[in-house]
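Trainee: Listed here are the chains, written in short residue letters.
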Amino acid sequence: MGDQILAQYSRRMRFRKILDKVLPLILSVAVFIAVATVFSVLFTTIMTGWHRLSLNLILNYPSANPNEAGMRSAILGSIYTVGLSALICIPLSIATAIYLVEYSRGGRLASILSYNISNLAGVPSVIFGVVGLGFLAYWLGMGRTIITGAFTLAILILPLVTVTCVEALKTIPDDLRLGAYALGATTFQVVRRVVLPRALPMMLTGGILGISRALGEAAPILIVSGLLFIRDDPTSLFSRFTVIPLQLFNWVSRPQPAFIELSSAGIIVLLIILFALNGLTIALRQVLARRAEWA
Amino acid sequence: MGVKIESYNKLGLRYSEIGKNEMSESSAPEVVRVEALRVVYGSKIAIDDINISFKRSNITAIIGPSGCGKSTLLRSINRMNDLIPAASVSGRVYFNGVDIYSKDVDPVYIRSRIGMVFQRPNPFPFSIFDNVAFGLRVNGFKLTKDELYNKVKDALVKAALWDEVKDRLDNHAYSLSGGQQQRLCIARALAVDPEVLLLDEPTVSLDPISTARIESLLRSIKDEYTIIIVTHNMLQAARVSDYTAVMMPDDDMVGRIIEFGETRGIFTNPRDKRTEDYISGRIG
Amino acid sequence: MTATIQHEALRKAIQRKRIQDRFFHITFLSATFVSTISLIVIYVTLGLESFNFFAHVSIVEFLTSTKWTVLFADKNFGVLPLLNATVMTSLIAIAVAGPLGVMIALFLSEYVSSTTRSVVKPVVETLAGIPTVVYGYFALYFITPNLLRTLWTNIQIHNALAVGLMIGILIIPIVASISDDAMKAVPADLRLAAYAVGSRKSDVALRVVFPAALSGVSASIILAFARAMGETMIAAIAGGFRSVLTFNIGEAMETMTAYIAQVATGDAPHGTIEYQSLFAVGLFLLLITAVLNYIGIKVVKRWAIRY
Numbered sequence: 019m020g021d022q023i024l025a026q027y028s029r030r031m032r033f034r035k036i037l038d039k040v041l042p043l044i045l046s047v048a049v050f051i052a053v054a055t056v057f058s059v060l061f062t063t064i065m066t067g068w069h070r071l072s073l074n075l076i077l078n079y080p081s082a083n084p085n086e087a088g089m090r091s092a093i094l095g096s097i098y099t100v101g102l103s104a105l106i107c108i109p110l111s112i113a114t115a116i117y118l119v120e121y122s123r124g125g126r127l128a129s130i131l132s133y134n135i136s137n138l139a140g141v142p143s144v145i146f147g148v149v150g151l152g153f154l155a156y157w158l159g160m161g162r163t164i165i166t167g168a169f170t171l172a173i174l175i176l177p178l179v180t181v182t183c184v185e186a187l188k189t190i191p192d193d194l195r196l197g198a199y200a201l202g203a204t205t206f207q208v209v210r211r212v213v214l215p216r217a218l219p220m221m222l223t224g225g226i227l228g229i230s231r232a233l234g235e236a237a238p239i240l241i242v243s244g245l246l247f248i249r250d251d252p253t254s255l256f257s258r259f260t261v262i263p264l265q266l267f268n269w270v271s272r273p274q275p276a277f278i279e280l281s282s283a284g285i286i287v288l289l290i291i292l293f294a295l296n297g298l299t300i301a302l303r304q305v306l307a308r309r310a311e312w313a
Numbered sequence: 011m012g013v014k015i016e017s018y019n020k021l022g023l024r025y026s027e028i029g030k031n032e033m034s035e036s037s038a039p040e041v042v043r044v045e046a047l048r049v050v051y052g053s054k055i056a057i058d059d060i061n062i063s064f065k066r067s068n069i070t071a072i073i074g075p076s077g078c079g080k081s082t083l084l085r086s087i088n089r090m091n092d093l094i095p096a097a098s099v100s101g102r103v104y105f106n107g108v109d110i111y112s113k114d115v116d117p118v119y120i121r122s123r124i125g126m127v128f129q130r131p132n133p134f135p136f137s138i139f140d141n142v143a144f145g146l147r148v149n150g151f152k153l154t155k156d157e158l159y160n161k162v163k164d165a166l167v168k169a170a171l172w173d174e175v176k177d178r179l180d181n182h183a184y185s186l187s188g189g190q191q192q193r194l195c196i197a198r199a200l201a202v203d204p205e206v207l208l209l210d211e212p213t214v215s216l217d218p219i220s221t222a223r224i225e226s227l228l229r230s231i232k233d234e235y236t237i238i239i240v241t242h243n244m245l246q247a248a249r250v251s252d253y254t255a256v257m258m259p260d261d262d263m264v265g266r267i268i269e270f271g272e273t274r275g276i277f278t279n280p281r282d283k284r285t286e287d288y289i290s291g292r293i294g
Numbered sequence: 370m371t372a373t374i375q376h377e378a379l380r381k382a383i384q385r386k387r388i389q390d391r392f393f394h395i396t397f398l399s400a401t402f403v404s405t406i407s408l409i410v411i412y413v414t415l416g417l418e419s420f421n422f423f424a425h426v427s428i429v430e431f432l433t434s435t436k437w438t439v440l441f442a443d444k445n446f447g448v449l450p451l452l453n454a455t456v457m458t459s460l461i462a463i464a465v466a467g468p469l470g471v472m473i474a475l476f477l478s479e480y481v482s483s484t485t486r487s488v489v490k491p492v493v494e495t496l497a498g499i500p501t502v503v504y505g506y507f508a509l510y511f512i513t514p515n516l517l518r519t520l521w522t523n524i525q526i527h528n529a530l531a532v533g534l535m536i537g538i539l540i541i542p543i544v545a546s547i548s549d550d551a552m553k554a555v556p557a558d559l560r561l562a563a564y565a566v567g568s569r570k571s572d573v574a575l576r577v578v579f580p581a582a583l584s585g586v587s588a589s590i591i592l593a594f595a596r597a598m599g600e601t602m603i604a605a606i607a608g609g610f611r612s613v614l615t616f617n618i619g620e621a622m623e624t625m626t627a628y629i630a631q632v633a634t635g636d637a638p639h640g641t642i643e644y645q646s647l648f649a650v651g652l653f654l655l656l657i658t659a660v661l662n663y664i665g666i667k668v669v670k671r672w673a674i675r676y
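Residue numbers (our numbering), protein chains in the order written: chain A, 19 to 313; chain P, 11 to 294; chain Z, 370 to 676.
Because the hints were derived from the structure by calculation, they are not lab data.
Yeah, the Cβ is synthetic: ideal placement off N, Cα and C, and Gly gets one too.
Be a bit skeptical, because a hint or two may be false.
Just some of the chain A residues that point at chain P, by a computed CB distance under 10 Å [claimed, not checked]:
hint	residue
1	Val-40
2	Ala-200
3	Val-212
4	Arg-216
5	Leu-218
6	Pro-219
Within a straight-line C-alpha distance of at most 27 Å, the following computed DSS-like cross-link-like pairs (lysine-lysine) qualify [unchecked claim]:
hint	chain 1	residue 1	chain 2	residue 2
7	P	Lys-168	P	Lys-232
8	P	Lys-176	P	Lys-152
9	P	Lys-152	Z	Lys-386
10	Z	Lys-570	A	Lys-39
11	Z	Lys-381	A	Lys-188
12	A	Lys-39	Z	Lys-386
13	P	Lys-176	P	Lys-163
14	Z	Lys-381	P	Lys-113
15	P	Lys-54	P	Lys-113
16	P	Lys-113	Z	Lys-386
17	A	Lys-35	Z	Lys-553
18	Z	Lys-670	A	Lys-39
19	A	Lys-188	Z	Lys-570
20	P	Lys-152	Z	Lys-670
21	Z	Lys-381	Z	Lys-490
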């Protein structure tokens, strides 16, 4: 009787011992799948597209002939729209973060407003396109133009950038604020002279994060702008436009293999831009770390 | 010379050392007066029924066990409690006869007239010079470069830091040692010419030598200011202060002043049993 | 005398900086309202245009009819095929991302050093940073022909399975990162207590940390599901624009988002029923995701309070 229990116990112990050894392996397989997916996406894209990489791809307008086709208008469209959206979004995000962290200091109105920011973050990106089309393009009469696209993207990335800015402000120790307040500084002076200089690099990291997100967004721009074949440079903020991911979508939707290769090459260009931006945030973070050594 | 017979109190301090700073004219004007002060955090009463006044050219120590509301009282005097959303203050605090909690008084003005030094040194992440100049700049003093330099220098001299930093005013404040940083914070507060200087356990994070320096600098500047220092180091209170207030939480953990008077009297002849227990180490 | 002059100057300076402070206070507060106003604009725009749509189409038909042929001459307005496609692809996505994300979180929070963690975490998060057009392209030209075709020979070129798989990969970081936060929030003494009664590391991970973090884990899955429902480009590229009610994940099916993209790629003049249908479908999608997000955030908050 006792032996039986002991045998059962030792069998269970053996199982648990094996499980203890195997579990980290099982879990690391999950990590492996994720990492392998990243690499296989990158690998296949590069293998398919690298021989289509050329200056034509950047300098030429789109064309029905895959050997001549480029994405000049899309690149310019992306620069205009995303650049403008960053100019709109980053100041708004910084201002919002300053209000929430420095001015309201946890008031009731602020908690309602910040709840709405998290609600805005949950809105699917395609919805921003639909509303950009209905509200900005038609109701406000801004047309399906660069400026409509820029505002749409700006509001789309607003929650993401704002949250990083709030995080940035929260890393500043309260000691410094109190020290400044005790000398008779107003909230604005505390922000401008003490808090902002330290928080700005991390806020810019958030801005770059937003820019990366906006650069990769195809759906909202597809709705706002439509699928266009554009063969000239944008002349003003009220020009019709297309962006890099849309150009890629356009090429992907064509049956000829040459266009598939072209879209792979375009993806490589887009990914290079995104990785460069990512590198910039890492560099900023290092500046940040060096500053933190003082603290 | 015959052997001098000295008497020691329970702390082992020589009686002659306690409150040894000559009491400035006892008719010194009263700069800050607190009447029936109560501070509530949310629904918890932190301190209640505080009545005390502080005189010019004197150092007043507020002592008591931790959690008795010493810092809360101190923060009520320059309206730093305004920065805590849950805190509400009732009662009156007069600064030169004006109730600082009345509607037409700007807390920013109060804070530029009543300086404050915190527990942990909190210099700003700028140069030594910019730290001291900070208050002058935010308060909109219109100064020439020379005037600014002189004010910064005066403040650093008063804070007994000038000799150590005069050759490296452009260095980052964080390159200073902890004790130097705290003196920098004192200089920063003095630069705006406050009337009152509040110190919230300014030496709690410092070594004994740095502590002694700060204590002696406080004694050297006390004639020009009204200094209020919170400490839970009783020896420090005995060494630097002219007056001492003893705070103690009651049964509901509400902080109250149980005794206030000349430091020498408090330490040699406490009237309240709890004071005696506290300074002899039985509570706290 | 000089003292009073100085005081007067101080008062004036304070007045000036007070006005400056007030100005920026109001400016920053207005900026903070932008998100809230945007949210209102989103609901009002979708609501009003949907109102026009439902002037022509009965809500009952919209919610019960099994045919969606708005872009054809013979129009049917049943959203069910679109809803079905959205739910199917999102369920597949969660079937991928749920287990993988939770396993990654468990691995990162319990098994690796902080150095390894700081390398692995950004790589995993890269999954969410790759533009979704790329995933759509990968699904259509690599996953389906090379992987799925070998296992399931008569799978269609456009199919829900590939869409779901790729969306699943995309949302792994959402599950992993929220679950990881929840697991890290489990107090260390709980782990120590478990070790003190003779637990092994795997016991601590599976029987202490995982159950303790369960509400955070479920929140991560709800939020990731909402994100999956809103994904557009993968569905538009790899799922096809075929709005039929089917449960065969090897077939092409059109999600709500893919329909919106389809209308945008074609020509739907302002004011037509096709144009209005964008807003009706958009509003429907938004309401579903909003409810899911609401539940998700509630669950997150609940768990946040506990420790």
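Trainee: Compare the structure with each hint and give your call.
Mentor: Comparing the hints with the structure gives:
| no. | hint | verdict |
| --- | --- | --- |
| 1 | Val-40 | violated, 49 Å |
| 2 | Ala-200 | holds, 4 Å |
| 3 | Val-212 | holds, 6 Å |
| 4 | Arg-216 | holds, 6 Å |
| 5 | Leu-218 | violated, 12 Å |
| 6 | Pro-219 | violated, 13 Å |
| 7 | P:Lys-168 with P:Lys-232 | holds, 10 Å |
| 8 | P:Lys-176 with P:Lys-152 | holds, 24 Å |
| 9 | P:Lys-152 with Z:Lys-386 | holds, 14 Å |
| 10 | Z:Lys-570 with A:Lys-39 | holds, 9 Å |
| 11 | Z:Lys-381 with A:Lys-188 | violated, 33 Å |
| 12 | A:Lys-39 with Z:Lys-386 | violated, 65 Å |
| 13 | P:Lys-176 with P:Lys-163 | holds, 8 Å |
| 14 | Z:Lys-381 with P:Lys-113 | holds, 18 Å |
| 15 | P:Lys-54 with P:Lys-113 | holds, 24 Å |
| 16 | P:Lys-113 with Z:Lys-386 | holds, 18 Å |
| 17 | A:Lys-35 with Z:Lys-553 | holds, 25 Å |
| 18 | Z:Lys-670 with A:Lys-39 | violated, 35 Å |
| 19 | A:Lys-188 with Z:Lys-570 | violated, 34 Å |
| 20 | P:Lys-152 with Z:Lys-670 | violated, 50 Å |
| 21 | Z:Lys-381 with Z:Lys-490 | violated, 54 Å |
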